[in-house]
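Whole structure, please, built from the sequences with the hints as guidance.
Chain order of the listed sequences is G and H. Residue 1 is where the first sequence starts when you use my numbering, and the numbers rise one by one after that. Residue 336 is where the second sequence starts when you use my numbering, and the numbers rise one by one after that.
By construction, these hints were calculated from the structure, which means they are not laboratory data. Wrong hints could be hidden among the right ones.
[As the list claims (entries may be wrong)] Chain H is nowhere near these chain G residues, computed Cβ spacing over 10 angstroms in every case:
hint : residue
1    : 30
2    : 262
3    : 319
[Claimed, not checked] Computed list of lysine-lysine pairs in DSBU-like fashion (alpha-carbon distance at most 30 angstroms, straight line):
hint : chain 1 : residue 1 : chain 2 : residue 2
4    : G       : 205       : G       : 180
5    : G       : 180       : G       : 212
6    : G       : 205       : G       : 300
7    : G       : 139       : H       : 479
8    : H       : 474       : G       : 144
9    : H       : 552       : G       : 139
10   : G       : 139       : H       : 504
[Claimed, not checked] Derived DEER-like restraints, expressed as beta-carbon distance ranges:
hint : chain 1 : residue 1 : chain 2 : residue 2 : range
11   : H       : 439       : G       : 205       : 25 to 35 angstroms
12   : H       : 481       : G       : 17        : 56 to 66 angstroms
13   : G       : 218       : H       : 445       : 31 to 41 angstroms
14   : G       : 209       : H       : 345       : 22 to 32 angstroms
15   : G       : 213       : H       : 391       : 17 to 27 angstroms
16   : H       : 591       : G       : 111       : 50 to 60 angstroms
17   : G       : 200       : H       : 390       : 30 to 40 angstroms
Since the structure is predicted, the reported quantities are computational estimates derived from the model, not experimental observations. Just so it is clear, CB atoms sit at the ideal spot from N, CA and C, and this is done for glycine as well.
2 protein chains.
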Amino acid sequence: MMNQRIVLASRPTTAPSAENFRLEAVALAPLNDGEVRIRNHFLSLDPYMRGRMNDAKSYAQPQPLNETMIGGTVGEVVESRNAAFAVGDKVVGMGGWQLYCTASGRGDIRKVDTTHIPLSAYLGAVGMPGMTAWYGLNKICEPKAGETLCVDAASGAVGSVVGQLAKLKGCTVIGVAGGKDKCDYVTGELGFDACIDYKAYPEPKDFYGALKAATPKGIDGHFENVGGSILDAVMLRMNAFGRIAMCGMISGYNGAPIPLAAPQLILQSRLKVQGFIVSEHMEHWPAGLTELGTLVATGKLKYRETVAEGLASAPQAFFDLLKGKNFGKQLVKLA
Amino acid sequence: MMNQRIVLASRPTTAPSAENFRLEAVALAPLNDGEVRIRNHFLSLDPYMRGRMNDAKSYAQPQPLNETMIGGTVGEVVESRNAAFAVGDKVVGMGGWQLYCTASGRGDIRKVDTTHIPLSAYLGAVGMPGMTAWYGLNKICEPKAGETLCVDAASGAVGSVVGQLAKLKGCTVIGVAGGKDKCDYVTGELGFDACIDYKAYPEPKDFYGALKAATPKGIDGHFENVGGSILDAVMLRMNAFGRIAMCGMISGYNGAPIPLAAPQLILQSRLKVQGFIVSEHMEHWPAGLTELGTLVATGKLKYRETVAEGLASAPQAFFDLLKGKNFGKQLVKLA
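Dropping the structure here:
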């Protein structure tokens with residue numbers, strides 16, 4: 001049986017492009033005892049993948065060249081030599097950019113229940129992005145009722161969950177997103193109190209003015225996905241003892257790091273700024289996923305997906321994600 | 336009876352200079368019921384005073400023009416209309432840049448015991464600088480035995496206490512200071528494991544090379560007094576889950592804020608970076624001062640002082656402090 005996969009062919013130095021990837025057909029080896037074969041239905045595309053394409057020190061190993069690109073997947077078991085997994089079981093795992101993956105069955109896949117939660121949601125609001133939101137918000141931003149919470153990339157897979165969870169906690173929630181459609185969705189559908197379209201304010205001081213107008217009581221907690229000039233403006237609005245969860249800095253992923261303009265504000269406003277990687281806090285996943293799953297199943301946590309069709313569309317969908325062209329969780333439908 | 340005092344005459348825009356201050360002779364008003372008059376013996380000069388000279392939003396109110404410069408003092412009660420304070424009592428308080436101060440006696444002065452601890456130490460290792468070191472180290476850096484702890488301005492009133500406390504906790508301690516004499520003192524007298532002379536490495540990459548050589552296992556906790564290029568280099572050496580206590584950024588006090596070159600390291604290395612002001616954590620002072628006082632009285636905590644003679648010398652001593660010309664705690668002897 002033949003598999004199709006996308007491998008990393010070369011490393012980009014600025015924005016990635018098509019020649020950095022290569023689509024291959026490879027034969028699938030027979031399963032060994034204990035192994036499980038999965039037909040991947042959806043592939044998750046996430047900003048962290050850009051970092052893995054570099055050959056640089058980071059929190060994770062670089063993506064090896066000429067090997068299947070890393071990525072979260074949901075799919076269905078099609079063959080099993082493991083008593084814990086039956087053909088037809090729906091599972092989530094890190095199946096990569098390919099049609100089929102082979103799991104060891106020893107902790108690398110997890111069965112999921114699609115009775116009340118769509119399969120794809122396990123890659124979004126009830127998966128890694130949702131847990132990223134849950135952890136950063138609850139464990140670093142620590143929002144209290146009545147406080148003002150800010151999040152950028154607010155319509156995205158992580159930001160949308162951050163803001164909705166903060167609303168449920170009684171916060172005033174301000175989003176930042178790119179374009180009127182996204183901002184309308186964030187306030188109209190997701191229920192944020194305001195959403196600032198950063199594209200409408202190309203001058204940093206104008207963006208700051210809009211943020212100031214939207215946060216008359218300042219900002220107590222901020223969830224950072226973007227970095228750069230958005231973070232600089234937010235820092236100026238942070239109240240004393242504010243908390244900033246550093247989750248992503250997508251604005252700097254394709255080039256030189258973007259400096260932080262005014263680090264002295266960390267001191268002057270007595271801020272806590274803390275970076276985190278949700279996969280290092282697995283002990284919180286069972287509780288977090290239960291909460292997120294219940295909220296999705298009962299319609300209290302909304303999300304949106306952008307779905308690219310077919311494995312071959314993954315690279316372009318990924319480039320678009322890095323430019324913020326997606327709307328909500330970016331997926332690739334593989335079957 | 337006449338007092339002499341130094342007031343803020345104007346606000347500096349870059350480095351402060353003599354014309355920003357004015358020495359005045361003013362008559363002392365008779366004491367009201369409850370008040371206490373103190374002859375200040377020592378005035379403390381501290382980097383935070385530079386911030387107060389600006390008319391800018393910060394954690395504290397700006398120093399008002401034409402009023403006595405703020406400052407910590409130790410002295411002796413010379414007149415009292417308060418039963419809790421007798422003539423001859425030694426006290427510490429915020430007496431300002433002047434020979435005499437008048438205390439309300441309601442929480443603004445505190446009696447100190449000079450049997451085993453010199454009076455001036457209550458402005459240094461057993462005072463605000465010591466507590467600053469104690470709080471930032473214990474509550475933010477949270478060093479564990481075997482970890483590597485870094486502190487800059489290492490021979491100063493705060494840095495010297497940070498490093499000695501960390502050594503007592505079993506850390507490897509690396510200091511950064513300006514000049515061979517200070518570095519020799521930090522390793523020879525204070526017992527740090529190494530001290531890097533930043534003046535010997537004017538090129539950031541050379542300073543980074545020296546820091547890397549001195550921290551083969553990376554840095555787990557950092558106590559920041561300086562900011563700028565030193566902080567940039569330290570960030571590159573921080574281990575995963577490192578903690579940075581932001582106490583001061585003296586390198587940027589006299590001009591435009593100095594950006595942080597690589598804020599993405601907060602995310603990549605999952606750092607916690609937290610600013611603090613020790614006066615907002617008074618609940619820790621009794622325990623901290625007891626510990627620091629015992630260490631000083633028993634000779635386990637060493638410190639050094641630079642003493643300028645006479646009130647009129649305070650402005651120049653302050654300018655020198657901002658340039659790092661002092662060695663240890665900068666005091667002005669008033670009597």
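How the hints compare with the structure:
no., hint, result
1, 30, "holds (40 angstroms)"
2, 262, "violated (5 angstroms)"
3, 319, "holds (20 angstroms)"
4, G:205 with G:180, "holds (20 angstroms)"
5, G:180 with G:212, "holds (19 angstroms)"
6, G:205 with G:300, "violated (36 angstroms)"
7, G:139 with H:479, "holds (22 angstroms)"
8, H:474 with G:144, "holds (22 angstroms)"
9, H:552 with G:139, "holds (28 angstroms)"
10, G:139 with H:504, "holds (28 angstroms)"
11, H:439 with G:205: 25 to 35 angstroms, "violated (44 angstroms)"
12, H:481 with G:17: 56 to 66 angstroms, "violated (46 angstroms)"
13, G:218 with H:445: 31 to 41 angstroms, "holds (34 angstroms)"
14, G:209 with H:345: 22 to 32 angstroms, "holds (31 angstroms)"
15, G:213 with H:391: 17 to 27 angstroms, "holds (22 angstroms)"
16, H:591 with G:111: 50 to 60 angstroms, "holds (57 angstroms)"
17, G:200 with H:390: 30 to 40 angstroms, "holds (33 angstroms)"
In this structure, the earlier hints numbered 2, 6, 11, 12 are contradicted, and the remaining ones agree with it.
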